[in-house]
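Start from the sequences and build out the full structure, keeping to the hints where you can.
If you want the building blocks of each chain, they are given just below.
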Amino acid sequence: MKHLNFRIAPVALAVLIACAAATPAQAGPNGIRIGVLTDMSGTYAALAGNGSVVAAQMAIDDFGGKVLGKPITLVSADHQNKPDIGVAKAREWFDTQGVDMVNDLVTSSVAIAVQKLGAEKHRITIVNGAGSTALTNKECSAYGVQYAYDTYSIAKGTATALLKQGLDSWFFLQADYAFGAALQGDAARIVTSLGGKVLGTVKHPFPSSDFSSYLVQAQSSGAKVIGLANAGGDFTNAVKQAREFGIKQTIAGLLVFDSDIKALGLQTAQGMKFTTGYTWELNPETEAFGKRFFARFHAMPTMVHAGVYSSTMHYLEAVKAANTDNPEAVMKKMRDTPVNDFFAKGGRIREDGRFVHDMYLVEVKTPAESKSTWDQLKLLATIPGDQAYQPLAEGQCPLVRK
Amino acid sequence: MSDIPLQAVLSQVMLGLNNGAFYALLSLGLAVIYGMLEVVNFAHGALYMMGAFGALIGLEYLEAWTGIPGLRLTFWWALLLVPLVVGAFGVLVEALLLRRIARLEPIYGLLLTFGLALILEGVFANGFSAAGEPYNGKPEALEGVVNLGFMFFPRYRLFSMLVAVLSCVAVWWVIERTRLGAQLRAGTENPAVTSAFGINVPRLRSLTYFLGAALAGLAGVVAAPIYSVGPHMGAELIIVVFAVVVIGGMGSILGAVMTGLALGVLEGLVKVVYPPMANTVVFVIMALVLLWRPAGLFGREA
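Chains as they are written, first to last, in this note's numbering: chain F, 1 to 402; chain C, 1 to 302.
Read the hints as simulated data drawn from the structure, not as lab findings.
Note that the structure is predicted; figures quoted are calculated from it, not measured.
Since no wrong hints were added, every one of them can be taken at face value.
Label-pair distances were calculated between CB atoms; the ranges are:
#, chain 1, residue 1, chain 2, residue 2, range
1, F, A88, C, G149, 49 to 59 Å
2, C, P5, F, K164, 28 to 38 Å
3, F, L379, C, A95, 55 to 65 Å
4, C, Q7, F, G195, 23 to 33 Å
5, C, A88, F, G64, 49 to 59 Å
6, F, R243, C, Q7, 16 to 26 Å
7, F, G222, C, N136, 25 to 35 Å
8, F, G222, C, V169, 37 to 47 Å
9, C, G70, F, R91, 53 to 63 Å
10, F, D341, C, G127, 25 to 35 Å
11, F, F294, C, S195, 54 to 64 Å
12, F, P284, C, G127, 31 to 41 Å
In silico DSS-like cross-links for lysine-lysine, where the CA-CA straight-line distance does not exceed 30 Å:
#, chain 1, residue 1, chain 2, residue 2
13, F, K365, C, K138
14, F, K378, C, K138
15, F, K248, C, K138
16, F, K224, F, K197
17, F, K371, C, K138
18, F, K248, F, K378
19, C, K138, F, K224
20, F, K273, C, K138
Even glycine gets a Cβ: it sits at the ideal position worked out from N, Cα and C.
So this is what it looks like as structure tokens:
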């Protein structure tokens, strides 16, 4: 049996390989360096991952590749959805590589840890991938921005729409970590505040591949809606298996990305309503970005990819306008200047770091309605930014003076 | 949670048996390879993933790739052919790579197969979405659900359990009850004497790896309609399957099958009683078993 002592060796090896793969280039003096820290191969790789690196590079290229007369460079790394790996990488970037801003930060547990480090080191962190509202509440930072969406906004849009249809009793399947807890908490609060009832919640390990057990528990609860407080591969597997078991209840995906719908196929996903911050099918501007991104990445962008592009652009413009890479000055410029691009109209960064912009309630098309492979969603309603996000007065961010 | 109704327990046992059947099928392949070749096959998850991709490619891509109109592998053909292809790939790996390190410490085989698994995952991640793609080839006849009295159970999942159980019985029968099986066992026990009897031992080793790889491929094809087919589907499962093999006893065929089913059921029950523990319970059991019986429940003490 002594062979089994070596089980640990490959794990160590895997970590080594993952670290070695992300060796960045040499730092140039005073040039702007942007880091994309994301999940390159796990559950969230398709909704963030390499697509975010491509989106950041597109923003840098569109900006002209230079700011304040110095080149802009991009580095990226895989945090494997583990806070310790994410923080170690970010620390290395901040301390030895001169990285000025970190973007993407999918997976809430990683985002919270890295945003905290950013505050300590006075470096800007822009969260596009992670959704936990903790980032702009208890954990808020003067150097942190949460850009594309948060669990409050997506839960609110979707739950409100479903409750209006009379779907007022809910059972939640929740990914057992910071993000799942935030999403379930926000959704449950909204459901009860609108007169609905929460009949139960089951926490599943993150990530999981078999959801049948939890779905059967949800089914026997008798709730009208099964709310999925998870994302990426967890979400798609749960929906697939709900269909497989012939579950008749409404399945409400609380955080859904274009890449998930692609993975499910329209046959399985049709009719599902959810809230998003971006999809390429909204208007000619979103479509133009979608097509440019597709030309580079061979997949349409998710709201994370679009958010990485838009926020990187906003950051670079702030550096240019402030005429310095000093993080305090750049943050001030970013807060003072509204964002007007394909992603947001009149979008603003609040004191708590929340980027407020319009959100969209969408429905998945039927196979008959879809005209092409990526023609998946139709817009039901636009939720104005000031209604979409948690009001500042209800927040718990210590930076906000009340 | 002490008042869980019987109906709920029965449903979870059923779902647990379903997962357990997959564990059994995969750990069986691992046990065969380890028992006969003394190779700790870390590429097993990758072979399983290849099986699922084999089914997907056969259905969705074969026509476009070969340019032959109408060339598609339906589920039934995939079930028959893909394990053979994966098995053949296994033979290549054995003949070209594993054979060269057969005389070295088992750690070399482990590292080699682990590296191979990383390469295979990387290759598939390069060509396909990391999020996985749906396999839409589930046969008509296996659509829908069956009323078992205490729950509605998908017909396809019943079928997958049947395939797993039949494969396990067949493998056990071949190894324990046939002439070929006797030769295989003799070849492991004492290769020199066995070849002195005129038996081609290298060919037997190839055959063994073929069998193990084909079983992983078969499990992959059966899993394709249930889960999304993605490059990392094997990596997620293989850790649990290794724990199953360790608990059952490395190299014990009966041990692998029984432990696979039992742990599936146990995991299912934990999912109701205390879900956050579900992913960990297998490893807790593994630690306890290693303390109590280091060779595993069904293994012989060395």
